[in-house]
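All chains should be built: construct the whole structure from the sequences, respecting the hints.
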Amino acid sequence: MYKYLLRLLVSVLLLFGFSMNAYAEFKVGFVYVGPTGDHGWTYQHDEGRKAVEAAGIKTTYVESVPEGADAERVIRQLAQSGHDLIFTTSFGYMDPTNKVAKDFPNVKFEHATGYKREHSNVSTYSARFYEGRTLLGHMAGKMTKTNVIGYIASFPIPEVIRGINAMTLAAQKVNPNIKTKIVWVFTWYDPGKESEAAQALIDQGADIIMQHTDSTAPVQVAEKAGVWSFGQASDMQRFAPKSILTSIIDDWAPYYVERSIAARDGTWKQQDTWHGLKEGMVAMAPYNSAMGGGLVKEVEKLQKDLASGKAHSFTGPIYDQKGNLLVAKGKVADDGMLAGMNVYVKGVEGDIPK
Amino acid sequence: MIKIERRNETSNLIYFLTPILAIFLTLVTGAIIFYLLGFKPLEALKFFFITPISDLYGLSELLLKATPLCLIAIGLSFCFKSNNWNIGAEGQLTFGGIVGGGVALLFYNHEGFYVLPLIILAGAFGGMVFAMIPAILKIYFNTNEILVSLMLVYVSKLLLDYLVVGPWSNPEGFNFPETRQFSDSARLPILFEGLRIHAGIFIALVSVFLAWVILFKTYLGFQIKVSGLSLKTAKYAGFKGKTMILLVFMVSGACAGLAGVGEITGPIGQLHRMISPEYGFTAIIVAFLGRLNPIGIVFASLIVALTYLGAETAQIFLQVPKYTGQVFQGMILFFLLASDFLLFFRIKFLGFKRYEY
Numbered sequence: 001m002y003k004y005l006l007r008l009l010v011s012v013l014l015l016f017g018f019s020m021n022a023y024a025e026f027k028v029g030f031v032y033v034g035p036t037g038d039h040g041w042t043y044q045h046d047e048g049r050k051a052v053e054a055a056g057i058k059t060t061y062v063e064s065v066p067e068g069a070d071a072e073r074v075i076r077q078l079a080q081s082g083h084d085l086i087f088t089t090s091f092g093y094m095d096p097t098n099k100v101a102k103d104f105p106n107v108k109f110e111h112a113t114g115y116k117r118e119h120s121n122v123s124t125y126s127a128r129f130y131e132g133r134t135l136l137g138h139m140a141g142k143m144t145k146t147n148v149i150g151y152i153a154s155f156p157i158p159e160v161i162r163g164i165n166a167m168t169l170a171a172q173k174v175n176p177n178i179k180t181k182i183v184w185v186f187t188w189y190d191p192g193k194e195s196e197a198a199q200a201l202i203d204q205g206a207d208i209i210m211q212h213t214d215s216t217a218p219v220q221v222a223e224k225a226g227v228w229s230f231g232q233a234s235d236m237q238r239f240a241p242k243s244i245l246t247s248i249i250d251d252w253a254p255y256y257v258e259r260s261i262a263a264r265d266g267t268w269k270q271q272d273t274w275h276g277l278k279e280g281m282v283a284m285a286p287y288n289s290a291m292g293g294g295l296v297k298e299v300e301k302l303q304k305d306l307a308s309g310k311a312h313s314f315t316g317p318i319y320d321q322k323g324n325l326l327v328a329k330g331k332v333a334d335d336g337m338l339a340g341m342n343v344y345v346k347g348v349e350g351d352i353p354k
Numbered sequence: 355m356i357k358i359e360r361r362n363e364t365s366n367l368i369y370f371l372t373p374i375l376a377i378f379l380t381l382v383t384g385a386i387i388f389y390l391l392g393f394k395p396l397e398a399l400k401f402f403f404i405t406p407i408s409d410l411y412g413l414s415e416l417l418l419k420a421t422p423l424c425l426i427a428i429g430l431s432f433c434f435k436s437n438n439w440n441i442g443a444e445g446q447l448t449f450g451g452i453v454g455g456g457v458a459l460l461f462y463n464h465e466g467f468y469v470l471p472l473i474i475l476a477g478a479f480g481g482m483v484f485a486m487i488p489a490i491l492k493i494y495f496n497t498n499e500i501l502v503s504l505m506l507v508y509v510s511k512l513l514l515d516y517l518v519v520g521p522w523s524n525p526e527g528f529n530f531p532e533t534r535q536f537s538d539s540a541r542l543p544i545l546f547e548g549l550r551i552h553a554g555i556f557i558a559l560v561s562v563f564l565a566w567v568i569l570f571k572t573y574l575g576f577q578i579k580v581s582g583l584s585l586k587t588a589k590y591a592g593f594k595g596k597t598m599i600l601l602v603f604m605v606s607g608a609c610a611g612l613a614g615v616g617e618i619t620g621p622i623g624q625l626h627r628m629i630s631p632e633y634g635f636t637a638i639i640v641a642f643l644g645r646l647n648p649i650g651i652v653f654a655s656l657i658v659a660l661t662y663l664g665a666e667t668a669q670i671f672l673q674v675p676k677y678t679g680q681v682f683q684g685m686i687l688f689f690l691l692a693s694d695f696l697l698f699f700r701i702k703f704l705g706f707k708r709y710e711y
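Chains H and Z, in that order, give the protein sequences. Under my numbering, the first residue of the first sequence is numbered 1, with each subsequent residue one higher. Under my numbering, the first residue of the second sequence is numbered 355, with each subsequent residue one higher.
One or more hints might be untrue.
[To be verified] Looking from chain Z toward chain H, a few residues come up when the C-beta cut is under 7 angstroms (computed): (1) E415; (2) L416; (3) P525; (4) F528; (5) N529; (6) F530; (7) M628; (8) I629; (9) K676.
[Said to hold, decoys possible] A few chain H positions that, by computed beta-carbon distances, are all more than 12 angstroms from chain Z: (10) Q77; (11) G266; (12) Y287; (13) N324.
For the record, the hints were derived by calculation from the structure and aren't laboratory data. Glycine included, each C-beta is placed from N, C-alpha and C at the ideal position.
Next up, the structure:
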């Protein structure tokens, strides 16, 4: 009888012990703005999460979290349910992230693309996507016949304007006659709007389509219309195999793994990260051989130079649309200027919506 | 063969019990779906319906989420009861948010007790005016209010887009599509330190009470009900149909506007593009689940709010796709409509005889 009782007691204790253990296990949470199957922004963040999981760390995610009142609850729930590090992967989570961080000083937070680090447990991170845009600009300038480059833009924030400028500057360098036409769709993900925008640009004579939005619709429209295009965020090659010259890939995996391990081992520190081609946070999908071996080699060399720092996307002289000098000859734009960029460079058509 | 015929009488008790039956059927079907997906059904249901409200914070979040749903559904019940199909509560909410938010920005950095009431009134007024558009078009041009009110949703959402990207965007905000954070005098007070539930819940409760009084204790409520049952009778009785159409739309719009202003002065604290995760559409389910009855709507809004919270916890703990929440909402409505059909009609099995008419 006692034996049974003892056995029962031991097993209960063991069970309790195990569950305590399970609770104390190091866990990383992710909050996504879109569905993991968007093949763009969220898809790439989820690839990063899988890499963390592959490194032996347990992860959790919540997808399609609206950037309104719901975000704070989701972030708080993750913090409350024993997650030690939480990545919030959209700009709109900036204030909720900081608010929750205040109440959970022992949990680490990483907010993508924001600028507020109000507490010592909040880091921010983003990628220098504009370096990829420079490569696209070089290819676009060489490949265009109509000298019109169509650009589908999301919101007039510095990040997007930087991309437009970097692309235009690089294209002008190889082809002074090019013009950049822009359609603002005011969304990050709306296949319907994006394909309409792509069609409108093609109708206006663009024979190159590039996008700063996340769906695969623009490249599919380009494929049908027989013009060149570039993928965004993930390798979109299989959605438009003939049309896509390459894709800019957001590779969050190394950063997520590094930060997760640091948090687990207690070496995590607050920081503001802005990585590019050099660190591999921005990567390029395989180049389409249709553009010719010579051009591929040129672009590969430029990619190497950008990564090593030998070349810079914003090297002077750079003028704005009105002809004012922005960056003097021989100088490069500093990070402060890049972070707050809100004017177009010469050669971009139209005005920034205000 | 099968014949469907209308039942002569339906019991009032069963009429109010069917929503509970619908919820029960939803739970059973949900359990089966979870089982087929490879989860333990009871555990999944527990994460879905119990875990989210197992502490004070969860309860506060439930009320926070239910408040706008309840407010909008109360307004919609006036329209639906009188056979006016206002589908555009989402647009009225947005427009109320725009007007209320505009006033909040106007009083940026102003202190004073009058700021918040002014914002709230402005929000209600905005929603009301926006709802009058489909009503007036229906009265004078005989347009279809379903289409007009629905299309106006996109109008107000695009207007909000324009405002937060352009003229109203935060000057220090790096052009991100959002306004400044409202100053403290423009925020609804928080009821308990550390929780997010705010004074907006009282606005909802007062609306519930007023709606109950109007619908059950006044001549106006009687008119609304009669026109809902039979427009011809209403006309024969000499009710002013046109005034009533305008009135129910105004009530409905004002409620939606209040919900919008409650969101922006409550948990959000600024205007941006996502002030509502489609509360205006979800409230349609709430209104019907609550049988267009104010008390019923209170319970229905809590249940539907729970499906939102449950979807989040279920994803955190079980990694169930978040869209299960919508599946549950859809199932509740489906079972409700199905049991309504059986409530009002009877299916007769006539055997394999020839039809006799």
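- Among the hints numbered above, which are violated by the structure, and what are their numbers in rising order? 2, 3, 10
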